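Participant: Residue numbers (the numbering used here), protein chains in the order written: chain A, 1 to 454; chain B, 1 to 513.
For the record, the hints were derived by calculation from the structure and aren't laboratory data.
As the structure is a computational prediction, the values presented were derived from the model and not from experiment.
Treat the hints with care, as some may be off.
To be verified - SDA-like, lysine to any residue: derived pairs with alpha carbons at most 25 Å apart:
hint	chain 1	residue 1	chain 2	residue 2
1	A	Lys216	B	His493
2	B	Lys153	A	Gly64
3	A	Lys384	B	Lys478
4	A	Lys383	B	Asn109
5	A	Lys383	B	Gln146
6	B	Lys478	A	Gly64
7	A	Lys410	B	Leu116
8	A	Lys383	B	His493
So you can see what is in the structure, the chains are spelled out below.
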Amino acid sequence: MSLKKINGLEITPTHSINQVRYGCTLGAMYSAAAIPGAIPIAHCGPGCADKQFMALAFYNGFQGGGYGGGAVPPSVNAGEKEVVFGGNERLEELIKATLKIMRGDLYVVLTGCIGELVGDDVGSVVSPFQQRGVPICYAETGGFKGNNFTGHELVTRAIIDQFVKDYDGKKEETLVNVWSELPFQNTFWRGDLAEIKRILEGIGFKVNILFGFGSKGADEWKTIPKAKFNLVISPWLGLETAKHLSEKYSQPFLHYPVIPIGAKETSKFLRTVADFAGLKKETVEEFIRQEEKEYYYYLEHFSDFYAEYWWGLPARYGIVGDSAYVLAVSKFVVNQLGLIPASHIITDNPPEQYREGIEKEFRSLSHDVSEEVIFVEDGYWVKKILENTDFGHKPPIIFGTTWERDTVKKFGGQVVEIGFPASYEVVINRSYVGYRGAFALLEKIFTAAISASA
Amino acid sequence: MSTITENFRQKINLKVADCETREQRLGTIIGWTGRASELSEISNKARCGAGGRRECSLCETRGPFTQGSVCSEQMVECQAGNVRNAVLVQHSPIGCAAGQPMYNGIYRNGLAIRGLPVENLLITSTNLNESDMIFGAILKLHQTIQDVYERYKPEAIFVSTSCATAIIADDIESASAEEQEKLGIPVIPLYCEGFRSKHWSTGFDATQHGILRQIVRKNPTKKQDDLINVINLWGSDVFTPMFAELGLRVNYVVDLATVEQLAQLSEAAATVGFCYTLSTYMAAALEQEFGIPEIKAPQPYGFAGTDAWLREIGRVTHREDKVEAYIEKEHARVRPLLEKLQDKLKGIKGYVATGSAYSHGLISVMRELGIAVNGSLVFHHDPVYDSGDSRQDSLKHLVDNYGDVPSFHVSNRQQYQFYGLLKRINPDFILIRHNGLAPLASRLGIPAAPLGDEHIAIGYQGMVNLGETILEVLAHRKFHEDLRDHVTLPYSHWWLQQDDPYILSKHPELIES
């Protein structure tokens, strides 16, 4: 546990977690459910699947379970019998019944705490089905192994190794696999992935977006090995997958830590990716020109409000959430809006080896802005840190979660719920990234700021 | 009147830290299909026939296919985790803590509809990892209990088990006892690991068991003769105005109560509930241990149920005259309102998919409104409640007073079965509690009224409330019918063609083909 001092506040976290800000490893059920046509099968207790659903997909933007989530996923619902005698037989029976009753293009078995603690051999249950050609794989995602970020990469790897399998054919010159936001955990992943796909296609790529509406599901996953490279757009999530794929299919990867928001960041992002892949410059520049033309048409109109709104706008911000959005949103509001940073709190527990890289990004938020970032997961400390932050003479804007509502009320400011859990936001396909998402974010920030003013 | 089950009735054992599961105490089942009247009859036989310890001859359907359900620990979160100025410590890996956002949302909105200050709940997880599974995690439990004590200075700390900590056999009872000694406040172990019971309602009992053992005042020095314990969830405050007319006050427990409100349970004049599924354990134990009479009557739904329930309250609290005056006044006030609603609801078919006893009550109200109810799905069935008293036989009360329900099913929130049941009945709307079933109904073009405020249908005014709610939800049909025409269900063609949602229970060999 890292110890830090913020404005005289000694931060001394224990293992305890109040105000949870992610699911468990089994929460990666929702990585499986995010693939169109895929159905997760939960080898766990009776309540696990429901908890992950209600947390990640319901009280988080009310995203909904869709085809394979919600109350749909088959579950062993282990009882005393499975704990005492093991759950292999019950799982086998459940898989057979699933194949009879459900209609999935891909089934992903995820183990919970019970199966792993009593030593069920899930591999031996699943492999006969695989040998029969059933599109099914399994991941050992016992909840004590970590959070749903950990689970996401376990599930991704399981699908690649057991379903996509080996490949030594040709690569497609312009095909790219995208690994970015964590589906469902990131409240806005659906809209965001759609925008990322749109802009990459705009400069000439064919995109395997892999999750969400823009993905062709299991068929698209089968084409992963054909991609020329892997594009990781996040501070750290997806790097394990990209490394694995570079070994497995000899695919290089480009790591781009900042999910781009706004024209400046997005154009820079597109140029970097195009350069890496050796795309034709003219196509890329033409797309950027068109997008920027549209972007600045709208920004110009917005500027009347931003330049001369009478009743005051927030000047400082604090931000709490997953490293991906904390970094992306900070970059945008500092560089596009000129907001003054006051507090950056990252709660997705990035693996130790990636933390230095994340800290480096915050030290160069802008040419004249260097910031420190704090890694904590326990909501008790999040609240303490915010309460000990100097936000200046007027209420700040806080980017955070439902957990921050009470704290922000005390400041007299507004919370913009940008991450899990966002229980007072309804999100369908709203995006906060790219050229187009930036405006949704601006609308949200300033509607929140002024609607409470009178 | 309660002779039928005298010999069945077992004493609730508050001497031990863990409470018996529903299936052990009551013979609870989670799968069954038939007519409501049949289930009522065989439940009666099961009660009488056993003549001893919780033998139950109720046949339970069990099939090879199951979808994710709900666990007891979730019910502990939603009760112990929603007590004000107390903290629930979840002794578990982080996945169990994924319940926090949901129960926080419920807590916040529950506080808001009761006019109480809105705040986040304080549930805290011990957040266990892989090495804890190998070496044990009791030290982490001690640390988290100390953390929450220092942080929040609560008046009580609940400690819930999880599947993981039950399997690694952490001794949470000793740890809680040590901390209680050290901190001087109740530290209460709750045994609620999900695999322990086949039905989540055991989690209600586990919470109530802990409260009875360690919070309720053992030797109350005073008696509050006008105080009625109301065992409920987060529902709006409909009991205060109703009881005020009888000169009674309300003590709402468990959700949104303070620790002191829980402590005074043993000082009240009587205990009532809005749903016997929820209240059976606490109410029976309060009577057994402290002599607080449980109101043994039908639940307060519809004219028949509400009349009988109020009269029993009047008898027990010696307010017969006031009760009669109230009944007369309310009948006169509500009847014309109901007639108007009945006109508007003519020809409408409804369906109920909720917890067991609650469904019995709601069907009564729907029939008062003139709505045809030919089917219901309940998440479990208790052939008897803890009092063992036949006046509380909510299913029999429904069948005797409002007629049979021909398509009556027990299914612990199994969406795949719900498909066939809805297809059979084809209702105009459904009433639900718990998430997971309404989304399927929606995809079939059927709107649902989610009864988040569980008090909405209670008493005389409840009939009017429910009627209005149903009219509102019927207007949503446009949305759902449009959706129905544009979605694909995740079920196989074979399953969608089946007429019997329980076919796999009868022919499990079908999964081999």
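Participant: Quickly compare the C-alpha distance for A/Lys216 and B/His493 to 25 Å and report which way the hint goes.
Facilitator: 22 Å, holds
Participant: Would the pair A/Lys383 and B/Gln146 pass a check requiring their Cα atoms to be no farther apart than 25 Å?
Facilitator: 19 Å, holds
Participant: Sort out whether B/Leu116 lies within 25 Å of A/Lys410, counting only the CA atoms.
Facilitator: 17 Å, holds
Participant: Given the hint that B/Lys478 pairs with A/Gly64, test it: the Cα-Cα distance must not exceed 25 Å.
Facilitator: It holds: about 20 Å lies between the C-alpha atoms, which stays within 25 Å.
Participant: Going straight from one Cα to the other, do A/Lys383 and B/Asn109 come out at no more than 25 Å?
Facilitator: 21 Å, holds
Participant: Checking one constraint from the list: CA of A/Lys383 to CA of B/His493, max 25 Å. Satisfied?
Facilitator: At roughly 51 Å apart (the allowed maximum being 25 Å), B/His493 and A/Lys383 break the hint.
Participant: Does A/Lys384 pair with B/Lys478 here, judged by a C-alpha cut-off of 25 Å?
Facilitator: Given pair A/Lys384, B/Lys478 is violated - Cα atoms ~48 Å apart, limit 25 Å.
Participant: Hey, B/Lys153 versus A/Gly64, does the alpha-carbon distance stay inside 25 Å?
Facilitator: Answer violated: B/Lys153 to A/Gly64 is near 37 Å, above 25 Å.
Of the numbered hints listed earlier, those contradicted by the structure are 2, 3 and 8.
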